[in-house]
Every structure is written in C-alpha cells, then in structure tokens.
Amino acid sequence: MKKLLLGNEAIARGAWEAGVHVVASYPGTPSTEITENISKYDEIYSEWAPNEKVALEVSIGASVTGARAMSAMKHVGLNVAADPLYTASYTGVNGGLVIVVADDPGMHSSQNEQDSRYHALASHIPMLEPSDSQECLDFTKAAFDISEKFDTPVIIRTTTRIAHQRSLVELSDRQELPKKEYKKDIMKYVMMPGMAIKRHVIVDKRMNDLENNKEVSSLVNKIEYNDKTLGIITSGISYQYTKEVFPNASVLKIGLVNPMPTELIKEFAANVDKLLVIEELEPYMENFVKQIGILKAEGKKYFTNQGELNTVKIASAYYGTKPESAELSQDIQAPARPPVMCPGCPHRGVFYVLSNMKVRVSGDIGCYTLGAMAPYASVDTCVCMGASVSMAHGAQKGELATGSDIIPTVAIIGDSTFMHSGITGLVDIVYNKGTSTVIILDNSITGMTGHQQNPTTGYTIKMEEAPKIDLVKLCEALGIKRVRVEDPFDLPAFKQAVSEELSCDEPSVIISRRPCVLLKNVKYGKNPIINQDKCRKCGKCMKLGCPAIFKEDGKYLIDDAICAGCGLCVQMCPFGCIEKEI
Amino acid sequence: MVNLNILIVGVGGQGTLLASKFLGAVAALIGKDVKVSEVHGMSQRGGSVVTCVKIGDNIHSPLIDEGQADIILAFEQLEAVRWIKYLKKGGTVITNIQKINPMPVVFGQTTYPDKILDILADSDVTLHALDAFSLAVESGTSKAVNIVLLGVLSRTLPEIPENIWQDGLNAVIPAKLLDVNTRAFEKGRNYIEG
Ligand SMILES: Cc1ncc(C[n+]2csc(CCOP(=O)(O)OP(=O)(O)O)c2C)c(N)n1
Ligand code: SF4
Ligand code: SF4
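As they're listed, the protein sequences go chains B and S. Numbering follows this note's numbering, with no gaps: position 479 of the first sequence is 479. Throughout, this note's numbering is defined as the position within the second sequence, counted from one, plus 1000.
No lab work stands behind these hints, which were simulated from the structure alone. Fair warning: this is a prediction, and the values are worked out from it, not measured in the lab. Any given hint could be a false lead.
Just a few of them, taken from the derived set where beta-carbon distance is under 8 Å, the chain S residues facing chain B [to be verified]:
id: 1; residue: VAL1039
id: 2; residue: PRO1062
id: 3; residue: PRO1113
id: 4; residue: SER1134
id: 5; residue: SER1154
id: 6; residue: ARG1155
id: 7; residue: THR1156
For each residue, glycine too, the CB sits at the ideal point set by N, CA and C.
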C-alpha cells in the first residue's frame, strides 16, 4: 500500500533507498524534517553540524572517500554553504553527493524569499525540482545516480508547499551499493588555479552532456499535450496549481531546472499557440525561454514575483475571476495573531529587562527574534544568523568613526546561533578592540526550528550523549575576560548584570542560562494564581507580555490552560498578589 | 464521496498537525487520493495556523484556497471566522467555543470580537459549535481537543465507516495514549448538540 508521507519524509526515504551513508545538515524551516527523519535510519550516519558550510563540507569529505552523502538546509543556509558548493562543482564527486535546499516563498519562517535556482545556475550544478512526495522520493534517488554518472553534486530544490505537504508514495527497499574506492587524485580534488582551470572545462562539458541526455530528461521532464491553444511551462508546486486552474491546457513540466531543456522547450513552444510560464518568485524559467529566442512567452506579466502563488491568485491574475466564498451575516474584524514566545519561555526575562533599559539591541535569529514585537519592542536589528555580534561591533565602530554619541548596545544571540556563526564575530570584537556586550541566550536547545540538539546541549541528533561545548570556557579562550552566567528569571540580578557589563570598558559576555520550557526535563509545578482579594488592579503583571496573563471584566487573571507555571510573574506584582505554591 | 476539502485552523501548539495526519491516514485507508498541507516553523509559536486536507480521486494542489473548503474545523472560535473566506458558500463550520486571546488583545491594543458564535449561527453556513476543551478534559487530557473535534467531524461524514476512524487513530497515536484519545474521539462522535 502507498504511504502518506511529508515531502521531507519522502526525501529522507529516497536517500535511504538510494543507499546514502552520511547525512550532515543544519536545521532550518522548511528543510528540518529531512534530517530528523534520516536520523531514524540506523544504516545512515547522520549529524547536526554547527552550520551549513560545515555540514556540506562533511558531505563533500564523505563523498570523496566513496560514500553517498547528503546535506539539507533552508534557502539562506545555502548562502552559508555557498563557498564549498561552488568549488565542489569543480571537484565533482566520488560517492553521490546531494544537496537539498528548501526555499520559502511567502516567508512563512524566513527573513527573505530568495530564489535558490540562481545558485544552481551560477555554480553550474544540476538542480531537480519535485512537485509532490512521490517525486521527492524518486528525484532524490535519481539525484544520486545523476551525481555519480555525471561526476557532479546535485541540488534538489523544494519550496515550503512541497516540503510540508503530505501525499501518497510508493516505497521500495534500500539499495546497498558496493563501496567505491578512494583514489588520490590531486587534479580532481585539489583546487589550485592550475587544476581548477582544467576542471572548469570539465564542468561545462558535463552540464552540456546532461542537458542533451535523453534518458535523464525523459525521467524528470514531461510534456502533456492537450488543448494546444494554450501551453504552459511550469515546475514544482506551480505544476499542481497549473493542473487545477488550466485542466485542459498543454503542459511542459520541467523536473530538471538546471540545465534547462532547450530542445524540449523549443519543441513545446512550436506546438502551442499561446505560451505561459508559471513559476513562483523570480522569472528564472521565463527569462531562459526568452533568451533562447521564444519571445511569445509570458509569465511575470500576469504573476507576481512576491510571495507564493496559489490557484486563486493564478486564476484571478489570468482570467480576472474572483473566488466565491461563504460570507458572515455581519463583518468581524479578526485581530491578528502573531507568533509569541511561549508561556514560560526563558527569553521573556531577558526582554523584560532590556525593554526597561535604554539600550540598543542588536538582534539575531531564533525564538528570541520575537523580542522585537510588543510589549518589549526591544530588538533594533535582525539580518542573518550570527549578525547580532558583528553588527553590534560595527555599530560601535561606526559611532566612533563618525564621532556620534555612543548608544549602549548589547548583542543577543541563541546558543545554536552562537555556535552557527556567532563565534567569529566575537573573535572580531576581541581582536579589533571592541567593547561590546554579548548576551548568549542558552536555553539548551535549538528552539525556533522545533528543538534540535546542538553542540552546547550534550546530545547528538540520535540522542546519544556527546561532549558539551562549554560556552564559558570558549568565550574565555577567545580572550573575553568578563564572562558571567546569569538566570534570566532573576530579574533584578539580570538587570544589574547588563548595567555593569555595559558600563565597563572591555568586551563582555553574559550567558543567560535557563532551559526552553518545552523541554521534557523542565518541570515548574503548580500554576500561580492572582489573589483577587489583594489585587489592586495596577496591571503591572501584564508588562511581562506572557500570553497566559490577561484582563477580563476589569480583573487580571492567569489562563490555567496555557500557563506553564514558571513563576516569573510572581516577581512582577508589587503587592505580592501573585501566589505560587512551591 | 466526491472531493472533500477540510481546512483545519487553530492556534500554534493546539495539535492541528496531528489532526491533519489522522485525517490523512483515514483518507488513505479508504483508498482515496489525499494531500495534506501543513504548517511548521514560526507560527507554531502561538500564531494562527492552518492545515489543509484534500480527499478525492486525483488531487493536484495540496492547498485549499479562498472559497474552496467544504468544512472548516476550528480549534478556537476567532480562528473559525478569520478563515471564513476559505469556506464555500453554504459550507460547514465545526468549531470549538474556546477563546484564546491573541497578543494584541492581551495588551489591550484591540478587543476580542464578541458574538462570534451568534454571527456564525446567523450566516449561511452549517454550524456545529461545542466546548471541545471540556470534553477533552472529561476524557482525561486537555490536549485531546483535536481528537474530540475529529470525532464531531466523523459524524458529518457518514460515508466513512466507523472502524476506519479507529484504524486511523491506531495509525497515528502512540500506544500509551490510545485509550485517552479513543475516549476523546467517542466524546466528540457522540456529542449531541443543544
Ligand atoms: C543560515 C540559516 N540557517 C538556518 C536558519 C533557521 N534558523 C532560524 S533560527 C535558528 C536557530 C535558533 O536556535 P537558537 O539560536 O538556539 O535560539 P532559540 O530559537 O532556541 O531561542 C535556525 C536554525 C536561518 N535562519 N539561517
Ligand atoms: S520554544 Fe522554547 S525558546 Fe522558543 S519561545 Fe517557546 S519556550 Fe521560548
Ligand atoms: S507562571 Fe506566570 S509568567 Fe509563567 S507562564 Fe504562568 S502566567 Fe506566565
């Protein structure tokens, strides 16, 4: 029987069936479940690497020895891994090497909506784009074969709606492959100019061979001729939308988006009257089609490059139709429901403190980015992982260089993010005589992406015990003399610590240590209650921004259904009315 | 049964993912094509979440867009109306009457709309509104709101035999939680309006 699998599960299954040996990744929505599922297979060595560059290098290393290897990451993760990626294109592979990149059009959980197809184009690496879970599995297997046959890494690109949809999949057994031999070959694996010049020629030839390979093309590209007055070129999730909106049109579904199938496109274009290209984000395919001389193609003329497409958007852009929806007898303005830090979140103490101090907060990416929202509105900037530390340093140097007033600044960065790319920023501060204060939010987990282990937690992806990177010793070893560990739930002490570190003339690190409330070992006991007889309705408890505390009919109350019992609010009441049994 | 589009809406953390997995398993068991679109990531932190389940003979898009849902299964009443545009004219709304304040309400920037249930009852939709939270608590865990609501949903889909629902539960619920969840499902399935 077919199984209902998440796109990401199907990629993991495909890799397992293809006999993959090594998978190294860094989490990132919407790619995370690929490697989480991989970790359930005993035959595969898997790991969370500290970042995507390291992850990909681990896979390249494994591939060179002859193992089949894979790394999965989100779109912005591929930027971090871009350095090894572009040169692995030149070395090629020994064991099959597959990189999965998950784009996030619409930015459900991302800071930008870049189109990773351009990475494939620029690095001359083949890219496959599946459009349902079956193809996630099949294309992953095909990717390993293409990789070995054409001596190239292969990228599989998904988007959120492919990664996070479930559809039915036919499963097969794992294929155990004879081990490939490692042969030292400096012309292939040592990329110095003399060697790389020669490899570039090979790269161009392989992309040309692949484009003209009928076997590969017929496996992943397909033409569905139907009514020939309208032909549509599409790929990935847009193919599914196309089939719903234009059930009678002829369709060229492209599975291999790099190299694009020039001859197939020319043939298809010649057979249809009107030609549409339907794709999310940038006009990647449309530009290609026009570049090979097919000027009748239309695409972004109708369909936006911003956000996701869907059937309603496509139909209304092309036909001008509007959906017919149920209507309420009376309009209701539904207030927005943005994400919030969980009740009991350890970060809440930090943001409460920071929002009551005159400081600039150089922010980073994780659950704590939510500190930018009301009621804290603490965070001033957030660009990419690790940037909090280096940007705080840059802010200080910028103010010094322009002679402006120095605004006291702290960087805030999670434990996983600090391991990912915060360490090098701290090195820069020490080396270049900065005096910034960095707060590492050590909640013992990678929270935002759904609780993955990381080098500071003491466990591997398979939950085996592992050496724990000691943050205090690490920072000290980098040359930070002022390193202190504080409890973010001791509000006065935490505030004192931040003031002290800001006022001193050397760099410092505060490690804010308390585990994420969603971790199994965190137990807070009974929920507190607000003693209504004593409550003087000052509303101070609300300033904490805990979603469990609310006001109804003039009373301040704690919602027992969602309160985590952390007790932080007890400190908020100046009259001692919030009572918690211990 | 022709195509059936069910939109599951709620607040991150309420268990919409398990609900859609359960429904997906049931659809697969009756031999239908099925696609489920889920939300993972940021909005799981207490944001508004939506999951689509589409059952039929040949499903293409995994998404349910505006005007395409036959049924909205809402875990929270404000979410039921937030997504109402996604319902077909004359569609069905099954909603938990629980209220969870969004942050802008908690901070007093705006208020939680009142009379949501009255307005829904007055609208051109078939409405089933119930206190799924209490039923879940009665069956042994407040976490089973999702399963209670699926019990209610199962009553509106007589084409699907009762034993299939149990098989679906067995497929997605870990053994040690099966008893509570079966009780929760029954509570929903036997729930009488009034
Ligand atoms: C380059 C890159 N990789 C991955 C991500 C996805 N991502 C966002 S935050 C985060 C980790 C957050 O963990 P941590 O720093 O420990 O903070 P927490 O969420 O636990 O508070 C990840 C992996 C990203 N945004 N950018
Ligand atoms: S998951 Fe953990 S770290 Fe993230 S908001 Fe919730 S409690 Fe905080
Ligand atoms: S104890 Fe107080 S601060 Fe902690 S979760 Fe409950 S209401 Fe929120």
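Each hint tested on the structure:
1. Taking 8 Å as the C-beta contact cut-off toward chain B, the hint placing S:VAL1039 at the interface holds, the least distance being around 7 Å.
2. Evaluation of the S:PRO1062 hint against chain B yields a held restraint, the C-beta minimum of about 4 Å falling below 8 Å.
3. Proximity of S:PRO1113 to chain B holds as hinted, the smallest CB-CB distance being about 5 Å (cut-off 8 Å).
4. Residue-level restraint check for S:SER1134 is violated (minimum Cβ-Cβ distance to chain B is 11 Å; threshold 8 Å).
5. The beta carbon of S:SER1154 comes no nearer than 18 Å to any beta carbon in chain B, farther than 8 Å, and the hint placing it at the interface is violated.
6. For S:ARG1155, the suggested interface contact is broken, since its CB lies about 21 Å from the closest CB of chain B, more than 8 Å.
7. Nearest Cβ of chain B to the Cβ of S:THR1156: about 16 Å, over the 8 Å cut. The hint is violated.
The structure is inconsistent with the numbered hints 4, 5, 6, 7, although it conforms to all the rest.
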